[in-house]
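Trainee: Residue strings, one per chain:
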Amino acid sequence: MRSLRRLLLTLALGALAPCSVALDNWPTPPATDAPAPQVSGPLSGGTGDHTKYEALKQPFASGPEVTKACLSCHTETGKHFMKNIHWTWEYRNPETGQLLGKKHLINNFCTNARGNEGMCAQCHVGYGWKDETFDFTNENNIDCLVCHDNTGTYYKTPNSAGSPACSVMFEGRPPIDFNLVAENVGLPQRANCGTCHFNGGGGDNVKHGDLSTALKNPPRGLDVHMDAKGLNFACTACHITKSHVWAGSRYRVIAKDHDGVGKPGQRRDVATCESCHGTAPHPVDSLAAFKRNDHISSVACQTCHIPEFARGGVATITDWDWRTAGKTRNGQGYHEHGYTQGNGEERYTYKSIKGTFTYGENLVPLYRWFDGQMRYTTIDTKFDVTKPVAINDFTGSRDDGRSRIWPFKRMRTWMPADIGNGTLVYNHLWGDDPDSYWGNYDMGKSIAHGMKEFGLPYSGQYGFVETYSYWPITHMVAPKENALRCEECHAEDGRLDGVEGIYMPGRDHNTWLDLIGVIAVAGTLLVILGHALIRIFSSIKGQH
Amino acid sequence: MAIRRVRIFSLFERFWHWSQMLLILVLMFTGFGLHGFHHQLGFEQAVTLHTFAAFSLLLLWAFSIFWLFTTRNWRHFIPTVKGMWQVLHFYSFGIFQGEHHPYRKAYWRKHNPLQALAYLMLKIVLFPLIWVSGLVYLFYFLWRNIPHATQVLDGVALVHTGAAFTIVVFVMIHIYMLTTGHSFKEHVMPMITGFDDVDLTPEEEAYLLKDEPGVIR
Chain A
1 MRSLRRLLLT
11 LALGALAPCS
21 VALDNWPTPP
31 ATDAPAPQVS
41 GPLSGGTGDH
51 TKYEALKQPF
61 ASGPEVTKAC
71 LSCHTETGKH
81 FMKNIHWTWE
91 YRNPETGQLL
101 GKKHLINNFC
111 TNARGNEGMC
121 AQCHVGYGWK
131 DETFDFTNEN
141 NIDCLVCHDN
151 TGTYYKTPNS
161 AGSPACSVMF
171 EGRPPIDFNL
181 VAENVGLPQR
191 ANCGTCHFNG
201 GGGDNVKHGD
211 LSTALKNPPR
221 GLDVHMDAKG
231 LNFACTACHI
241 TKSHVWAGSR
251 YRVIAKDHDG
261 VGKPGQRRDV
271 ATCESCHGTA
281 PHPVDSLAAF
291 KRNDHISSVA
301 CQTCHIPEFA
311 RGGVATITDW
321 DWRTAGKTRN
331 GQGYHEHGYT
341 QGNGEERYTY
351 KSIKGTFTYG
361 ENLVPLYRWF
371 DGQMRYTTID
381 TKFDVTKPVA
391 INDFTGSRDD
401 GRSRIWPFKR
411 MRTWMPADIG
421 NGTLVYNHLW
431 GDDPDSYWGN
441 YDMGKSIAHG
451 MKEFGLPYSG
461 QYGFVETYSY
471 WPITHMVAPK
481 ENALRCEECH
491 AEDGRLDGVE
501 GIYMPGRDHN
511 TWLDLIGVIA
521 VAGTLLVILG
531 HALIRIFSSI
541 KGQH
Chain B
1001 MAIRRVRIFS
1011 LFERFWHWSQ
1021 MLLILVLMFT
1031 GFGLHGFHHQ
1041 LGFEQAVTLH
1051 TFAAFSLLLL
1061 WAFSIFWLFT
1071 TRNWRHFIPT
1081 VKGMWQVLHF
1091 YSFGIFQGEH
1101 HPYRKAYWRK
1111 HNPLQALAYL
1121 MLKIVLFPLI
1131 WVSGLVYLFY
1141 FLWRNIPHAT
1151 QVLDGVALVH
1161 TGAAFTIVVF
1171 VMIHIYMLTT
1181 GHSFKEHVMP
1191 MITGFDDVDL
1201 TPEEEAYLLK
1211 DEPGVIR
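Going down the list, the protein sequences come from chains A and B.
Heads up: the first sequence at position 166 corresponds to 166 in this note's numbering, and the numbers run straight through without jumps.
Heads up: the second sequence at position 116 corresponds to 1116 in this note's numbering, and the numbers run straight through without jumps.
It is worth saying that the hints were derived from the structure and are not from the lab.
Note that this is a predicted model, so its numbers are computed, not measured.
Glycine included, each C-beta is placed from N, C-alpha and C at the ideal position.
Check before you lean on any hint, since a few could be wrong.
As the list claims (entries may be wrong) - Within a straight-line C-alpha distance of at most 25 angstroms, the following computed SDA-like cross-link-like pairs (lysine to any residue) qualify: (1) Lys1185(B) - Thr524(A); (2) Lys102(A) - Phe394(A); (3) Lys541(A) - His1089(B); (4) Lys291(A) - Val1152(B); (5) Lys541(A) - Leu1178(B); (6) Lys1185(B) - Val527(A); (7) Lys445(A) - Gly333(A); (8) Lys291(A) - Val1136(B); (9) Lys291(A) - Gly1036(B); (10) Lys1185(B) - Leu525(A).
What the hints assert, rightly or not - Computed spacing ranges between beta-carbons, pair by pair: (11) Ala532(A) - Thr1193(B): 23 to 31 angstroms; (12) Glu488(A) - Gln1097(B): 55 to 63 angstroms; (13) Glu95(A) - Val1152(B): 29 to 37 angstroms; (14) Arg1217(B) - Lys541(A): 32 to 40 angstroms; (15) Thr1150(B) - Thr358(A): 35 to 43 angstroms; (16) Leu525(A) - Gln1097(B): 23 to 31 angstroms; (17) Glu488(A) - Gly1155(B): 24 to 32 angstroms; (18) Thr1150(B) - Asp380(A): 35 to 43 angstroms; (19) Lys541(A) - Val1171(B): 29 to 37 angstroms; (20) Thr1150(B) - Ala161(A): 56 to 64 angstroms.
Please build the complete structure, drawing on both the sequences and the hints.
Mentor: Pasting the structure below:
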């Protein structure tokens, strides 16, 4: 059974082939190969040439003016767009009722966007969110270009001035030619999404472990789908879109997709592997392939097909210690290199503004049953500060019908908390005021400021708690020849060592049965030897 | 009564025995590999070999059961106590005194009473135990969604492994027994040539000489 999407992709690829031949002045061979366009799913193609639109030829002085021009033709897009989480930064989980999204959550990297929007909302798809006064209803505040710029010249800077020590980082970039960018818009490329998603947590691959700048132009071995010389998928080939709402969010993971590819024209709601590959993805040409298809009900595709994360030469941070933050030299913050990653780049292992980092590359994930539902420790959650707390926790079991064994990156961070009240805190990191931590290095002051700004109770006593966060691994899908072999899991001390609720041959034994069995075999051998010895002995005696 | 060389194992029986031996060896080797006792094979190859060997053995058993009942050879395995004491006594004492094995093969009784009982138990207890548990194990994908499937699988695996250990013990004793009485070679040859010494009644001898001359030497 073939999905419409797969069919369309094939058609799109097929249609591109003769097209490129025509462009190459056939029959004369081209002098150089033009890079093949990225495949963006069913939205491939297009009906207009943006270089011909009068609306984009007017002089633009700012981003919102470009947006106004975009919306003059794309009349409904603003309304559609304002519903998506890139704009709202807010998500009410229908199952848990928890209010999530960057607007509210605390993470165990740079801790909180709330109150630090002047810096953090560079990754908000809007213009100018620096505090609570931002107008979420003004369509002209939407930033179309950050996703649709195909020139690579568009960039964003912080929405408010931070401490002079920090804002210096963002100075001296060439001005944006808005007309050039506006006339060269297209479907989002990997680099567009990557601007933010490859740099989550404050740097390249810091947060996810499976999303790094290595995916801008990846070889087949790093990601079989995004392979620049092969399938060359853009993010939106899987994260399919319907009226500017994307499929596939960590806030609501479909850990087990029962529906598969669906009928032609259906399924614009998920980014699961099954939505393209179906629910029996391995061609049954051997007994092993049959067994692999049988594993689908318990094991997420990612578990075998992403053998390691943080591949491709870009490291991820696995441990972060805020307790060491705030050290200065001559009253100034500083940073230290200390890790050279696979692609040769140096990474900071200490920053006065953030603390100490531990990096890892080519990491074996943690494997657990996962039902797709994350539960967050939010700003109002009370917990025991003497014990490690999970920023996001999850459950799952073999029996609930919706879980599978998934790979995770586990992030461990010692981060500031309100020790008196037993809660996490909003830390006021960014600002050009005397309370902001980044520049002033006084955590007591910055936390007090951050909590007061949102009317939250603060005991006045801050300290550090050990936290964990769990990141489902789903990108950097390796080619099939690099998928895990059976014995990686079907073995004692294998990858699924700590996973409960299943019997796995090779991993699980009944110790008593094995003991009795071995004793029985050894005992039989002894009896045989004894019997034989007496026979030999008595026959020798008989001869005398 | 006369001791004659008689073909007591037909070609099919010998084929059955040796192919069964080969398949059981493959099953034991791959099975204990899967169990984690050795790592001479990759898990995938071991599963594939184990499964195909198991299906081949089941097919062989289907033919052999058909053969046993259509040729009336099943009667060789009817348990009896007649002569059992002498056989037990021989293996416990007489064998050390240089005595000869008390049992003489008869035309319709080619196994001694202990042998017949052991093979019968193998056929109706141990083998069914391992192939029923094996099939249930193999077809896990059909019943994986029943309540407590994991615990059931755990039990099925326990039975399967337990039966496997018992078969290893059987094989060890079976091979050792070949060294008792006559020489090892004399015990193995009948299963290769088909011929062994059999105590024939005059009527049987006359019948075989006249009607089945190829079966008697």
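Trainee: Next step is simple, just say for each hint if it's right about the structure.
Mentor: Tested hints:
About 22 angstroms separates the Cα atoms of Lys1185(B) and Thr524(A), which keeps this hinted pair within 25 angstroms; it holds. Only pairs whose Cα atoms come within 25 angstroms are accepted, and Lys102(A) paired with Phe394(A) is accepted, the gap being roughly 19 angstroms. Our distance criterion of 25 angstroms between C-alpha atoms is met by Lys541(A) and His1089(B), whose separation comes to about 20 angstroms. Using a Cα cut-off of 25 angstroms, the hinted pair Lys291(A) and Val1152(B) holds, with the two alpha carbons roughly 19 angstroms apart.
About 23 angstroms separates the Cα atoms of Lys541(A) and Leu1178(B), which keeps this hinted pair within 25 angstroms; it holds. Note on Lys1185(B) and Val527(A): the hinted pairing holds, with a Cα-Cα distance of about 22 angstroms set against a maximum of 25 angstroms. At most 25 angstroms may separate the alpha-carbon atoms for a hinted pair to count; Lys445(A) and Gly333(A) meet this at roughly 17 angstroms. A hinted pair counts as satisfied when its Cα atoms are at most 25 angstroms apart, and Lys291(A) with Val1136(B) qualifies at roughly 15 angstroms.
Restraint check for Lys291(A) and Gly1036(B): satisfied, since their Cα atoms lie roughly 19 angstroms apart, inside the 25 angstroms limit. For the suggested pair Lys1185(B) and Leu525(A), the alpha carbons sit about 21 angstroms apart, so the restraint of at most 25 angstroms is met. Roughly 26 angstroms separates the CB atoms of Ala532(A) and Thr1193(B), a value that falls within the hinted 23 to 31 angstroms. Under the hint 55 to 63 angstroms, the C-beta atoms of Glu488(A) and Gln1097(B), about 58 angstroms apart, fit the expected range.
Checked against the hint of 29 to 37 angstroms, the pair Glu95(A) and Val1152(B) passes, with Cβ atoms roughly 31 angstroms apart. Between Arg1217(B) and Lys541(A) the C-beta distance comes to about 37 angstroms, which sits within the given range of 32 to 40 angstroms. Distance hint check for Thr1150(B) and Thr358(A): the Cβ-Cβ separation is about 37 angstroms, which falls inside the suggested range of 35 to 43 angstroms. A C-beta distance of roughly 24 angstroms is found between Leu525(A) and Gln1097(B), which places it inside the suggested range of 23 to 31 angstroms.
Between Glu488(A) and Gly1155(B) the C-beta distance comes to about 26 angstroms, which sits within the given range of 24 to 32 angstroms. Distance hint check: the CB atoms of Thr1150(B) and Asp380(A) are about 38 angstroms apart, consistent with the given range 35 to 43 angstroms. Between Lys541(A) and Val1171(B) the Cβ separation comes to about 31 angstroms, which falls inside the hinted range of 29 to 37 angstroms. Against the hinted window of 56 to 64 angstroms, the Cβ-Cβ separation of Thr1150(B) and Ala161(A) comes to about 59 angstroms, which satisfies the hint.
The structure is consistent with each of the numbered hints, conforming to all of them.
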